[in-house]
Structures are given as C-alpha cells and as structure tokens.
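Peer 1: Chain by chain, the residues run as shown.
Number of protein chains: 2
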Amino acid sequence: MKNIVVQKFGGTSVADTDKIKNVAKAVIKERNNGNDVVVVVSAMGHTTDYLVKMAKEISENPSSREMDMLLSTGEGVSIALLSMALQAQGCPAVSMNAIQVGIMTEKVHSKARIINIKTDKIRRHLDKGEVVVVAGFQGVTDDLEITTLGRGGSDTSAVALAGALNAIRCDIYTDVEGVYTTDPRVVPNASRLDEISYEEMLELARVGANVLHPRAVETAKQYKVPLRVRSTFKLDNLGTLILGVDEMELHRPVSGVASDLSQLRIVVCDVKDNPGTAAVLFNGLANENISVDMIIQSYARKALNTNDIAFTIDKGDLDKAMEILEKVKKDLEFSNVFVDDKIAKISIVGAGMIDRPGIAATMFKTLADLGINIKMISTSEIKISCIVAEDKAKEAVIGLHKVFHLDSEEIAEVKGDLPPEV
Amino acid sequence: MKNIVVQKFGGTSVADTDKIKNVAKAVIKERNNGNDVVVVVSAMGHTTDYLVKMAKEISENPSSREMDMLLSTGEGVSIALLSMALQAQGCPAVSMNAIQVGIMTEKVHSKARIINIKTDKIRRHLDKGEVVVVAGFQGVTDDLEITTLGRGGSDTSAVALAGALNAIRCDIYTDVEGVYTTDPRVVPNASRLDEISYEEMLELARVGANVLHPRAVETAKQYKVPLRVRSTFKLDNLGTLILGVDEMELHRPVSGVASDLSQLRIVVCDVKDNPGTAAVLFNGLANENISVDMIIQSYARKALNTNDIAFTIDKGDLDKAMEILEKVKKDLEFSNVFVDDKIAKISIVGAGMIDRPGIAATMFKTLADLGINIKMISTSEIKISCIVAEDKAKEAVIGLHKVFHLDSEEIAEVKGDLPPEV
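Just so you know, the sequences run in chain order G and R.
Using the working numbering, you'd call the opening residue of the first sequence number 59 and step up by one each time.
Using the working numbering, you'd call the opening residue of the second sequence number 59 and step up by one each time.
The set of hints was computed from the structure by calculation and includes no laboratory data.
Incorrect hints may appear among the rest.
Given that identical chains are not distinguished, each listed pair holds provided it fits within a single copy or across any two copies.
What the hints assert, rightly or not - No farther apart than 27 Å at their CA atoms in a straight line, the calculated lysine-lysine pairs in the DSSO-like style are these:
| # | residue 1 | residue 2 |
| --- | --- | --- |
| 1 | Lys186 | Lys165 |
| 2 | Lys387 | Lys373 |
| 3 | Lys87 | Lys60 |
| 4 | Lys330 | Lys452 |
| 5 | Lys292 | Lys387 |
| 6 | Lys114 | Lys87 |
Starting from the given sequences, assemble the full structure and let the hints guide the process.
Peer 2: Here is the structure:
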C-alpha cells in the first residue's frame, strides 16, 4: 500500500481555469513521488463573495441552512474543474463532495465540527490509481443535511481527512511561501522557518500570523498529522513543516515575533475590592460571547479599598462591552472607564523558551532600550506578550526580531494574503 | 391531507435575484389557494453556459461524470436563493437537491433516466407546512453518483415528481404564455390554446413547437399528470392545460400548425429492387444513431428493376449519413445520391382529425392553391406532415392556420425563447 499525502489548495490557488491547470501540475508532481494523493479544494477565488452578495440581495438575514446549501456549491465547481484538469493532463481523477465522501458533522449550520470521516470510498478510488479531489469546507449530517465548517474550514477538512486516512503529511498550498519569523512586510529580512511545532504555530496564529487558522493546527496536533505550508506558485520551495515538538530537530528559544493590532484595552478604575467583583464583570462579558485576552488587576489600594482592572478585547466588541459595564456599574462601584484603542500586542513565541528564564528579561530590556513603554504583560509556556502603543509596534517587532537572531541573509519576497500591515 | 401542486420555473424565470423574488410571489400565490406546493427550479439564466465555458477552457473533452458534478451546482444555487426569498416573504421553505430528495436515476451521465423518486422526506416537510424547493435536471444513483437528465431535464424532473407525489397538477412556468396554434412570430394572430391533449402536444413538440420537451410530455402522459404551461411574468393568465384526450372538452379537428426547418432530404436513386436493400440502408443509419423521420420508396420501375428511396434526417447528421451510403453502395447498387437541404416540414396536428378524412384533402388543396409543391407526405393518427420548399414554409403555415380557423381576434404578444424563426 502506498503512502497517502493530502494536499489542500485555497481559493486564490484555484481562482481561474489557468490556475486550476497549474494546481493539477502540483498534484501530478506529488503523485510522481510515488504517493497516493487526496486533494482538498476551496471554492474558486471570489465565488463565495458573489454567492453571499446574491443572498444579501434576497434576504437581510438568510437562514444558515440555506446559506450552507448555497455556499457548498462553490466547492462543487472547483472539484469538478480540477478533476477535469487532472484528466486532461493524463492523470486519473475523481471528484467527491462531502455527501459522497461522508464527511460527517454535527447538525450545526455555518460552523459545524467534524465528527467522523468515512474513508472506504476514497480508498477504493485510490486503489484504482485515481487522485481523489474532495470538496473542502463542507460536511453532511446523518440525515443528509449539508453543513459548512466556518472559518478555517477547508484547512480543517484537509487536516481531518489526513488524520482519517493516516496520511504521512498534509500540505497546505497557499500564496505565501511558508511560516516566517515575523511578517516580511514589516521586517524584510524575516526568515522562513523550516520547522515549527504545533504549539508555536498555534500561538503565532492566535497573535495575528494568519497563515493557518488555529482550528486546523489544533486538528493536526490532535491527529499528529505533519502539516506543511507551502506556495502553490513556487513548487520547488518546500515551505514550513509543522509537527510535534518531540519530532523537531532544533529548539530555538524564539521562533517568531508577531504583532496584533486587533485589540483594544479597557481600564476600569477604582473598582470596589470586594470578593466576586471580577467575576461579575467577566461573567457579563462571557455571556455576551466577548473573548477577553489579557487581564491585569492592579495591586489593591488598601486605603481606598479599590482596584483598577484592565483587560483587552477585540475592537469590534467595544460597544457590547460598554453596555455590559453600564449594567454592572452598580455592583462594581467603579469611578470611570478608560478605553485605549491605539495599542499593539507584541508577542515572541518559541518552544525553546521553557526553562530559559532569560528570554523574558531580554524582551523587556530590548523594549526599554528602544524607549517603548510596556502597558500590560502576559505569558504562557511558549509565548510572552506585551501591550505597547500602536505606533511603536513596528519598531518593537524589528528590535525583537534582531535581538533573538531571527534575521535572514535574504530579503523575503512579499506576496498578497499576508497578515494585515503593522 | 392537502392537494399537492408542483411548479417548475426555468432558467430565465430565476435569472437574477429580482426575478427569484418574483417567483417566490407566484409560489406563495399557489400556496394561498390552499395547496401544498413543491417547486422545481433550473439553474439561473446563463449559469450553465458559464460553467460549460470554464470546462472547455480546461479540457477539450471533459468527462461526463465531472460535467454532471459541475452542472449540478447550478441548481444548488437557485434552490437555496429561492428558499431564502420565500422565507423573506414569510413563507416557510426548505431546499433539497437530488441526493437529499432521492431522485434515483440509472447510472448514465449527462442523459440519465429517472427510475424512482423517494417522497418520504418531501412529504415530511410538506406536513410541517413548508414549501419544498427541489433542484431540477439532476439525479443520483444508488452509489451516490450525481447524474443529470439531459435535454428537457428540469421539466421532466417536475413532471416525474408530480407523478410520484400524486400531484393534482404540474405547472410549467416559462416566458411564453402557453401553447399556440402556431408560432406567433410567423402568424401574429395565432391563438393560445386553453387545452390540448398529451398526444397533440407530443406531435407539436416533435415538429418544432418547442415549448415543452417531448420527454416531459411523455412522462406526464405516462403518469396522467395534468400539465399547465404558463407565463412567470403574467400570473393572471392560466396558460394552456395539457391533459388526457378523454378529459378534453373540445376536440378540434386541427389544434395547431407547425413548421420544422431542421431536416434535410436525401434521395437515393435507382436502387436495385431486391428484398432487403432498404433494410441494409436503414440498419446502417440506425447503427450510427441517426434518426430517420420520413421515408418514401417510389413505385418500382419494373423494366429497370429499380426504386428511388427518399428519406429525411436532421441536418447535423448529413456527413455521417453520406459515409454510410458510401459503405452500402456495393450492396444497393444505386446510381447517385441527391441531397436537398432547403426543405421545411409543415405539419397540422389535431386529436379531432381521426375519422375526418376531409382534413388531409383540405391541407393538400390549400397548399396547391398557394402554388406550393409537396415533396413528401407522412401521416399519423393525429398529424399530417408535408415536405415543401423551405422558402414556402411561412406562406404554407399562414394559409393552413387560416383555412383551419385557428386565427385569433387578438394579436399575440411575442417574447423570447420561442421556437426558431421560420
């Protein structure tokens, strides 16, 4: 039995018929390595936007069941066209949508989770020597309802398929060349990482290096599927391999530096220091589905018996958060609320920082030497994040990138679809 | 239990989101009559053309399996959007594709025939008070392969569904107002027929009045489903009801006049008059899948022991037919072949012409009075067809329409999508 490789191509990789022919070449190249190949594709380029636009013309609030029915047609088009392109290049191929494969999900529309993937039909086609082209992003319930997987869906489909098929690797083809030590648009001599652990990738993904959705990385970690991020347009470049921390050859103290401008900071001043006040506040936020990232409670001012509580949330959640603060004002008895929306979260990530206490100190000293004031700090086992002023973000990233020896000799080539400009 | 009405809307009726909203109104109007409604829709306007164009860019000869996968996405879009439009107008609705319904077909791609339609899921949704919006044109095999039904597919889906559900009626909404006594572009005062029998409709469809595909009419006849052809854009107009000849109120001797310019005539001269010569020729044509419409063998010239054999075929089959004639030349010993591609087949159709021998005589006399020469004649129980010169077709249709009292007081309003201009 041959080894199986799962390849995933996103919307920009199959945006038009010429690009689809190019993708067919990448598939055939992998097949010529002697592996069985299963390909997962997203909808072509702007198809999803176009479908959403039509839905909005018809209904302000279309039902999520019908949205799933509508959007799932997008991958139906791309799997059929890619199969045709493979056949035209002499490679036996067959397309399969989620119903045909049996990508079983829970019955939740627009953000279903995969429960189980049936592999018998795919294996039968692979045994006949065919490449199997599978629709990403979509699933099906026991009673044949069509679902979609929500954000990061196609990557998740690919990784889950790789897990179910015991694939030796899942290659995520995209328009970046791999995972970089930081955004190459900020630091032109950012280095492409050859390897990175699932855990580091998760931390990087969460702080804004949106090469991969955290959900896909988590699924890969769960199934122990080695994941490769590579460019559709530079097939000779092997990209970055994401794998278990135990299998990594090299543990750098710091693998990457990232900045995240999506958050804002709220400081609630002079909160009465009674037991349970913090719970009232954060329960209120949680009930409204607002994710709180960093929380700092200042040392209580004993004379006044008050605290300051600072926390960060997504900028989009500000209005909802202020409503909740208004509601809990009586209980918390705070004096006033201060909102700071000009902040950046600067993070360094590295599986090798465990047991190296000097890393944090180096980060703080580097920022201090640059005259950058740290407003908040949070740490995990493999990540240290500091909140600084937004206009200092770029300088902070460049300084940290240099001090942790991440600079490359080469200047990275910058393409679209990278994280938002710092 | 309520009565069920099946409505079918073609591609031009759902060409854009405004038109889809309009279709939703027609559905709700029928539901307000107190009936359960199942709607069958085609792909939006030019979707199919666009998908075919992409397939051709990728492959000169795409596999029919992948073409079916590709094209079936078109109805996926329109059923979802129509369901959203119904919901937005306050009408509970649910979309279902062929796999979800269980429109079971044989495993033949691009022209599958329906074997069986499962009705349990549809009935369950109807019982909940929902309108069920079903994808036309597509089917599925036992092993979940997606098929399409080929020409006339969506009409056939609708009629077969109506049969399976014991619907009281199947309404085919289109952009013509019904079935006319002849093409209103040729005869502006053509009359819209209130009723016509399946048999007459079949004969009219076969001679060029392509309001409905013969396949859909045959299916309706088989299931005894009353079929109504009506306009999406004039909901007050009831169109034409097609039903069993026994249920018709009025049997006109002639219901319609049609002309068909798609054929040509081949005359094979001086064929040796031996038993079996005709069989050699027509078996050869049948083996190449060439449909022969009319055949006339002239009275044998006893002195020479030869015949002339004339027959008509579709213009597109000429090259293949000539190849076959070349092959059988030795057996048939004919002198030469004469091809006449400037012909028109003029037909009169009427369930009431049985047992009225004067009808044929009236047709021949009318043509003779107009100085139109008849090259071939064929008759069935409810149709008489004459081959005449192509440039006489219009004059013949106008003359026959008048002599059989089919002229209307009103001038028909002419829209697109009518049969090709005579």
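Peer 1: Between the shortest in-copy and the shortest cross-copy C-alpha distance, which are at most 27 Å for Lys186 and Lys165: within, between, both, or neither?
Peer 2: Between copies, since 19 Å is at most 27 Å while 33 Å is not.
Peer 1: Checking an output row: Lys330 and Lys452, CA cutoff 27 Å. Within, between, both or neither?
Peer 2: So Lys330 and Lys452 fail the 27 Å test inside a copy (38 Å) and across (95 Å) alike.
Peer 1: Measure nothing new, just compare the shortest in-copy and cross-copy C-alpha distances for Lys114 and Lys87 to 27 Å and report within, between, both or neither.
Peer 2: The answer is between: 24 Å across copies meets 27 Å, while 41 Å in one copy does not.
Peer 1: How would you classify Lys387 and Lys373 at a CA-CA limit of 27 Å: within, between, both, or neither?
Peer 2: Within one copy only: 21 Å inside, 85 Å across.
Peer 1: Under a CA distance limit of 27 Å, which applies to Lys87 and Lys60: within one copy, between copies, both, or neither?
Peer 2: Answer is within: at 15 Å inside a copy they meet the 27 Å cutoff, but 59 Å across does not.
Peer 1: Given identical chains, is Lys292 near Lys387, meaning Cα to Cα at most 27 Å, within a copy, between copies, both, or neither?
Peer 2: Neither, since 56 Å and 61 Å both go past 27 Å.
Comparing the model with each numbered hint stated earlier shows that hints 4 and 5 do not hold.
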